[in-house]
Structure formats: structure tokens, C-alpha cells
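> Given next are the chains, with one letter for each unit.
Number of protein chains: 2
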Amino acid sequence: MKYLITFSYDGSKYSGYQKQPKKRTIQNELEKVLTKINSNKKVTISASGRTDAGVHAYNQKAHFSLDNEFDLDKLKHSINSLIPDDIYIKNVTKVDDDFHARFSVKAKEYIYKINIGEYNPIEKDYIFQYNKELDIPEMEKALKYLEGTHDFKSFVKAKDIKEDTTRTIIKAKLIKDHNLITISLLGTGFMRYMVRNIVGMLIEIGEGKRKSEDLIDILNQKDRTKAGMCAKACGLYLNDVYYE
Amino acid sequence: MKYLITFSYDGSKYSGYQKQPKKRTIQNELEKVLTKINSNKKVTISASGRTDAGVHAYNQKAHFSLDNEFDLDKLKHSINSLIPDDIYIKNVTKVDDDFHARFSVKAKEYIYKINIGEYNPIEKDYIFQYNKELDIPEMEKALKYLEGTHDFKSFVKAKDIKEDTTRTIIKAKLIKDHNLITISLLGTGFMRYMVRNIVGMLIEIGEGKRKSEDLIDILNQKDRTKAGMCAKACGLYLNDVYYE
Numbered sequence: 001m002k003y004l005i006t007f008s009y010d011g012s013k014y015s016g017y018q019k020q021p022k023k024r025t026i027q028n029e030l031e032k033v034l035t036k037i038n039s040n041k042k043v044t045i046s047a048s049g050r051t052d053a054g055v056h057a058y059n060q061k062a063h064f065s066l067d068n069e070f071d072l073d074k075l076k077h078s079i080n081s082l083i084p085d086d087i088y089i090k091n092v093t094k095v096d097d098d099f100h101a102r103f104s105v106k107a108k109e110y111i112y113k114i115n116i117g118e119y120n121p122i123e124k125d126y127i128f129q130y131n132k133e134l135d136i137p138e139m140e141k142a143l144k145y146l147e148g149t150h151d152f153k154s155f156v157k158a159k160d161i162k163e164d165t166t167r168t169i170i171k172a173k174l175i176k177d178h179n180l181i182t183i184s185l186l187g188t189g190f191m192r193y194m195v196r197n198i199v200g201m202l203i204e205i206g207e208g209k210r211k212s213e214d215l216i217d218i219l220n221q222k223d224r225t226k227a228g229m230c231a232k233a234c235g236l237y238l239n240d241v242y243y244e
Numbered sequence: 001m002k003y004l005i006t007f008s009y010d011g012s013k014y015s016g017y018q019k020q021p022k023k024r025t026i027q028n029e030l031e032k033v034l035t036k037i038n039s040n041k042k043v044t045i046s047a048s049g050r051t052d053a054g055v056h057a058y059n060q061k062a063h064f065s066l067d068n069e070f071d072l073d074k075l076k077h078s079i080n081s082l083i084p085d086d087i088y089i090k091n092v093t094k095v096d097d098d099f100h101a102r103f104s105v106k107a108k109e110y111i112y113k114i115n116i117g118e119y120n121p122i123e124k125d126y127i128f129q130y131n132k133e134l135d136i137p138e139m140e141k142a143l144k145y146l147e148g149t150h151d152f153k154s155f156v157k158a159k160d161i162k163e164d165t166t167r168t169i170i171k172a173k174l175i176k177d178h179n180l181i182t183i184s185l186l187g188t189g190f191m192r193y194m195v196r197n198i199v200g201m202l203i204e205i206g207e208g209k210r211k212s213e214d215l216i217d218i219l220n221q222k223d224r225t226k227a228g229m230c231a232k233a234c235g236l237y238l239n240d241v242y243y244e
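Those sequence lines, one after another, are chains X and P.
Position 176 of the first sequence, counted from 1, bears residue number 176 in our numbering, the numbering being contiguous throughout.
Position 47 of the second sequence, counted from 1, bears residue number 47 in our numbering, the numbering being contiguous throughout.
Note that these hints are calculated values from the structure, not bench results.
Take these hints with a grain of salt, some might be off.
[Claimed, not checked] Pairs of lysine to aspartate or glutamate residues, derived as EDC-like cross-links and limited to a Cα-Cα distance of at most 16 Å, are as follows:
#, chain 1, residue 1, chain 2, residue 2
1, P, LYS113, X, GLU204
2, P, LYS2, P, ASP96
3, X, LYS141, X, ASP85
4, P, LYS173, P, ASP217
5, X, LYS42, X, ASP73
6, X, LYS124, P, ASP85
7, P, LYS124, X, ASP85
8, P, LYS124, X, ASP240
9, P, LYS144, P, ASP214
10, X, LYS90, P, ASP177
11, P, LYS2, P, ASP85
12, X, LYS124, P, ASP86
13, P, LYS124, X, GLU109
14, X, LYS226, X, GLU204
15, X, LYS113, X, ASP151
16, P, LYS113, P, ASP98
17, X, LYS222, X, GLU123
18, X, LYS41, X, GLU31
19, X, LYS13, P, GLU123
20, X, LYS113, P, GLU123
21, X, LYS124, P, GLU123
22, P, LYS36, P, ASP86
23, P, LYS90, X, GLU118
24, P, LYS13, X, GLU123
25, X, LYS171, X, GLU109
26, X, LYS173, X, GLU123
27, P, LYS13, P, ASP73
28, X, LYS211, X, ASP98
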């Protein structure tokens, strides 16, 4: 039986999503628990994509197969009772054999949280502590330029480029709630560090180091060295994954 | 020179505020840094009160004396540059010799955060994960009964009673924002576990195990065994301390 889980996690205590020997990773923890549930027969899971160390998820998705058929709600509770409390299974469904949590993805939403108010030690692992004003209207203009289909080569490290770097950003927006700024990027796919590199450049636009129009040049130059810094992992959340 | 600092901290990584040998405590960290700033001559600080392990603070206050006079802003930056990043000095002022961060307190506000929505692993150390509905109007009625001057003996462990257990709650309120409930208690003084014991009982009222009127009996009985459970530390914040 093939199952799809929706789960959230606090990435601050993990060396990222992906399995790594001798490291605490989300995938390691999930596979340990699922293997136990599968009468100790090894279970491998496939997520919608990896998240890096320190990055969080509200609705990550992954599929796996178990030898037996389980009641979905009982399976959810079994996993949650065995998994560390900084990971939480929100939902379990059955999926067809040809479903793949990564290859079937139609769109993904990432959000990035920035505190422009006073430094807050309580949220330092969950919201990027920028702690200064940002030019919000200029950042919003830049977000508009991001929407559409572009070659995002300037936002990917050369060594991470394995394929075509063209992606579509369906919606790019910014929400300001008091001192909390949330940037949301909904797109067909994202490459490694792409969101953090885009946010890094948006921050440089927000602090007046660049103009929003510079984004057009940067996209055209297709050169990572032309774009800005990479924003810290702590503010980033995989917010949702969409299938058909 | 006598100084007063206002500071915030993430209590989840500390064995409480108060100095303890071989434990990581807020007071230990602050005294280490202040002693260094005071040319390695031992500095002792006095806070408005202790907070227990796992309890956070947005505006804790403490006084201490240094041999030399410092520019206030520079002193703030010096402490922040040396202290772990889960503690933050928000403000430094000079105070008179007869000021005492604990004995001069006129009122304190504690807040307690409860998530009545789905379990959220990302906020588990910062918001109590109750994850079920609560009867808010009934809890609000109980909060009204708390206001005024009462003997709070039913909300203090017998072994912690050293003195008169009468205190005044100036204002007791509840704010609901989507699935986040924040209970705020403003009072002249609080004894150990008093806020968490009150919140524990409010939760039992919210889940229908007790009625709001029961609170009057419980206060009258002056017996810890009559009141409810002690709420978890993670939801509690020392929000503010008021002087003259």
C-alpha cells in the first residue's frame, strides 16, 4: 500500500531533511519509525523535495509503501506516538501506485519571515532577525518582476546547476503584520537556495542598496555573482505542496 | 554606579533564571558577562524575581553595580555582544542607590499562551499545545473572579509558603486571536508556580471539568489539593515589571 503524509517540523534541531549517515535528519527519523511500523522491514520515503538545515516546514509531503493496509487515522497516531515531538504528521492518505511525492508536484509555496522590529531572542530560530526598517513598497515592486517564467540562473550556485534553470513563479507577495514581514513565493519548482537567494536580494532592495528594476538586469545576466547574499535558513518555511 | 537592565530571553534552553552550580541559567550567563565588563571584579545581579526552567521573559528587570560609569548605550551593546543570543538586553538605565529590582516592584504582568488549534511542532517550546477547543466565555468569567485581593494559598505548594499568601490581581484578561489564546495576569506579586496553577485551573474550567464559580470556593478553601493541575512552563512569559 502506498501512502502520502503531510507533516510539519521544526528544522532548527536537524541537519536538514535528507538522510545522512550519523546526522539527525527528518528523513532518518521518519524512516526509523515507519520501518518499525512495517514489522522492521526497511521503509524508504520520498518527499516533495529536501529542505536544508534550519529550514522548517508547515506542510511537507512524502510518500512511502507499507506491506500492510492500515487505518489512516491509526497510522497517523502510530507515527506521531513514535516520532520526536518536533515533527508532526498532520494527515495520511492513500495514493495510487503511479503517484510520486516529488515528480507529481504541480506547485510549491515557500514563505520567509523577517522581523524588522527589535531583536527577539525567543524567535531567533524561527524568524530572521533583521531588526531594521525595510522599504516595503520597493520590495513589493520587485516581487511583481519575479512573477512569470524566468531563467533563475542568477539565483543558483553554479555547482548546483544540473539542468535547465527556468522556473515559473505563479505568485510572489509580501504581507506586513506589525514588525513581521512574510514573503511568499508560489512556483512550479525551486532549485537549491533559490528562495533564500531571492530573499537576500529582496532585502538588499528593501535596504536601498539596489532598486527593484535591478532585478530585471540580474535575471538577464544569468550570473550568481550579480545577485545578492543568501538569506539565513531560520526564516524559511516550506508552506505547501500542490499536486493535481 | 547602579544600573537597571530590561531583558528578554528564551527560557527553553535554561535551567531557569536563578544561579545554580553547574547549570546553564540566565543569572549565571549575565553575571559572567558583567564580571568581565567590570574588569573581572565579581558582579552579582538582583532580578525582579526568578523564572522557572522553560519559562520565558519579554521584559525581565535586574539591577547590578559596576565600579565605573559607562555610557548606557555602549554598556547595552557590550553586554549583548558577549551574552548568548537567546538572551537580549533591551535597555539600560541608571538607578538610585536605594532602588532594588525586587523590593521596589509595584506590579508584574505574566502572560500564558495556549494553542487550541492543531499541534504545531515549531512552537512547542513557546506555546502550550493544548490542541482542543476551550470554553472561552466560561474562562473569562473565572478571570473576573480572580481580580481583587485574595488569599491565593490554594495556588501555592505548601512547601513554598514562607509568608502571607494574600496578593492582589489588578487585571486578569484573555485575548483570543484565531487559535492562539493569551491569558494575562497583572498583579502586585506572584508566588512560585502561582500563575501556572491558576492557568491549570482555568484550563479545567475551559474544558468543562469545573465551573467558573468553583474558583470562589477554591480560593476560600485555601488548600492546594482543591485546585487544578499546574500548566506547563513553556507557555509562560514574564511580560513586564512595573516600578513607581
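> Quick one, are LYS124/P and ASP240/X close enough, alpha carbons at most 16 Å?
violated (20 Å)
> Assess, step by step, whether the Cα of LYS2/P is no farther than 16 Å from the Cα of ASP96/P, and give holds or violated.
holds (7 Å)
> Take the C-alpha atoms of LYS13/P and ASP73/P, compute the straight-line distance between them, and say whether it is at most 16 Å.
violated (27 Å)
> Do the alpha carbons of LYS124/P and ASP85/X lie within 16 Å of each other, as the hint requires?
Given pair LYS124/P, ASP85/X holds - Cα atoms ~8 Å apart, limit 16 Å.
> Is the straight-line distance between the alpha-carbon of LYS13/X and that of GLU123/P 16 Å or less?
Measuring from Cα to Cα gives roughly 13 Å; hence the hint holds.
> Is LYS2/P within 16 Å of ASP85/P, Cα to Cα?
Cα-Cα ~25 Å, so violated.
> Would the pair LYS124/X and ASP86/P pass a check requiring their Cα atoms to be no farther apart than 16 Å?
holds (8 Å)
> Given the hinted pair LYS144/P and ASP214/P, is their alpha-carbon gap at most 16 Å?
holds (13 Å)
> When you check the alpha-carbon spacing of LYS13/P and GLU123/X, does it fall within 16 Å?
Distance of about 13 Å is within 16 Å: holds.
> Is LYS141/X within 16 Å of ASP85/X, Cα to Cα?
The given pair, whose Cα atoms are some 40 Å apart, is violated under the 16 Å limit.
> Between LYS226/X and GLU204/X, is the straight-line Cα distance small enough, at 16 Å or below?
holds (12 Å)
> Measure nothing beyond the straight line between the CA atoms of LYS124/X and ASP85/P; if it is 16 Å or shorter, mark the hint as holding.
holds (8 Å)
The structure fails hints 1, 3, 4, 5, 8, 10, 11, 13, 15, 16, 17, 22, 26, 27, 28 (numbered hints given earlier, in ascending order).
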